[in-house]
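Read in order, the letters of the sequence shown are residues 1 to 159 in my numbering.
Where hints are given, some of them may not hold.
What follows is a set of in silico ranges between Cβ atoms, one per label pair, in the way DEER data are often shown [stated by the list, open to error]: (1) 45 - 145: 32 to 42 Å; (2) 80 - 59: 32 to 42 Å; (3) 138 - 50: 13 to 23 Å; (4) 80 - 50: 14 to 24 Å; (5) 140 - 68: 16 to 26 Å; (6) 35 - 60: 16 to 26 Å; (7) 43 - 81: 17 to 27 Å; (8) 13 - 121: 18 to 28 Å.
25 Å max Cα-Cα, derived PhoX-like pairs, lysine-lysine [claimed, not checked]: (9) 97 - 30; (10) 60 - 110; (11) 60 - 30; (12) 49 - 60; (13) 110 - 49.
Calculated from the structure, these hints are not laboratory results. All values reported here derive from a predicted model rather than from experimental measurement. For each residue, glycine too, the CB sits at the ideal point set by N, CA and C.
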Amino acid sequence: MLELNGEFGWMIHYRQATEQDREALFELHKLALGPYIDQIFGWNEAVQKQFFNDRFDANKLQWIVGNGLRVGVIAYQERDTGFYLESLEIYPAYQGKGYGSAAIQDIIQKAQRRSLPVELQVFKINPAIRLYRRLGFSVVNESDRHIQMRRMPEVNSRF
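I would like the entire structure built from these sequences, with the hints used as guidance.
Next up, the structure:
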């Protein structure tokens with residue numbers, strides 16, 4: 001269990017998601033990203049549930065736990081060429097409190113130790129883009145709906 005100091009003095013750690021978490025994770029997905037999906041594609045509960053279930057892999061998902069509460073979930077891939085943030089979803093009540101930032105900084109530190117970049121893709125309308133920029137990510141590609149971002153490793157980093 002990794003513990004990180006958050007921006008507000010609390011600690012976060014991770015807990016492996018399980019198959020039993022499937023429904024809770026779908027509800028989190030709906031709360032965290034549903035408004036953006038609805039604005040871009042329109043929210044169809046049956047379609048979104050099927051899409052979620054088709055992609056669901058509990059082994060890739062880690063609950064972000066802060067102050068003993070599940071505040072969100074994160075999934076990333078560690079590759080030879082870099083780290084890829086697949087998903088970061090924080091419950092709306094905990095957004096803007098530093099939990100997502102702490103989790104991303106954890107990935108940045110892991111990548112930095114291997115001198116690798118971190119990449120992600122985000123909806124253009126998602127305000128989390130500001131967070132990613134603040135953490136050193138730059139836009140590398142854009143489509144009609146998404147922005148691809150990358151954070152290169154720092155030279156002579158303290159990590």
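Each hint, compared with the structure:
Between residue 45 and residue 145 the beta carbon distance is about 20 Å. The supplied range of 32 to 42 Å is therefore violated. For the pair residue 80 and residue 59, the beta carbons lie near 20 Å from each other, so the given range of 32 to 42 Å is not met. The hint said 13 to 23 Å for the Cβ distance between residue 138 and residue 50, and at roughly 34 Å that hint is violated. Judged by the Cβ atoms, the range 14 to 24 Å given for residue 80 and residue 50 is violated: they are separated by roughly 33 Å.
Distance hint check for residue 140 and residue 68: the Cβ-Cβ separation is about 38 Å, which falls outside the suggested range of 16 to 26 Å. A hinted range of 16 to 26 Å holds for the C-beta pair residue 35 and residue 60, which are about 24 Å apart. Between residue 43 and residue 81 the beta carbon distance is about 34 Å. The supplied range of 17 to 27 Å is therefore violated. A beta carbon spacing of about 26 Å between residue 13 and residue 121 agrees with the range 18 to 28 Å that was offered as a hint.
Taken as a hint, the residue 97 and residue 30 pair is honoured in the structure, with Cα atoms around 20 Å apart against an allowance of 25 Å. About 16 Å separates the Cα atoms of residue 60 and residue 110, which keeps this hinted pair within 25 Å; it holds. Between residue 60 and residue 30, the direct Cα distance comes to roughly 18 Å. Compliance with the 25 Å bound is thereby established for this hinted pair. Annotation: proposed proximity of residue 49 to residue 60 holds, straight-line Cα distance about 18 Å (limit 25 Å).
Distance restraint check for residue 110 and residue 49: the Cα-Cα separation of roughly 32 Å exceeds the 25 Å cut-off, and the hinted pair is therefore not satisfied.
Consistency with the previously given hints fails for numbers 1, 2, 3, 4, 5, 7 and 13, ordered from lowest to highest.
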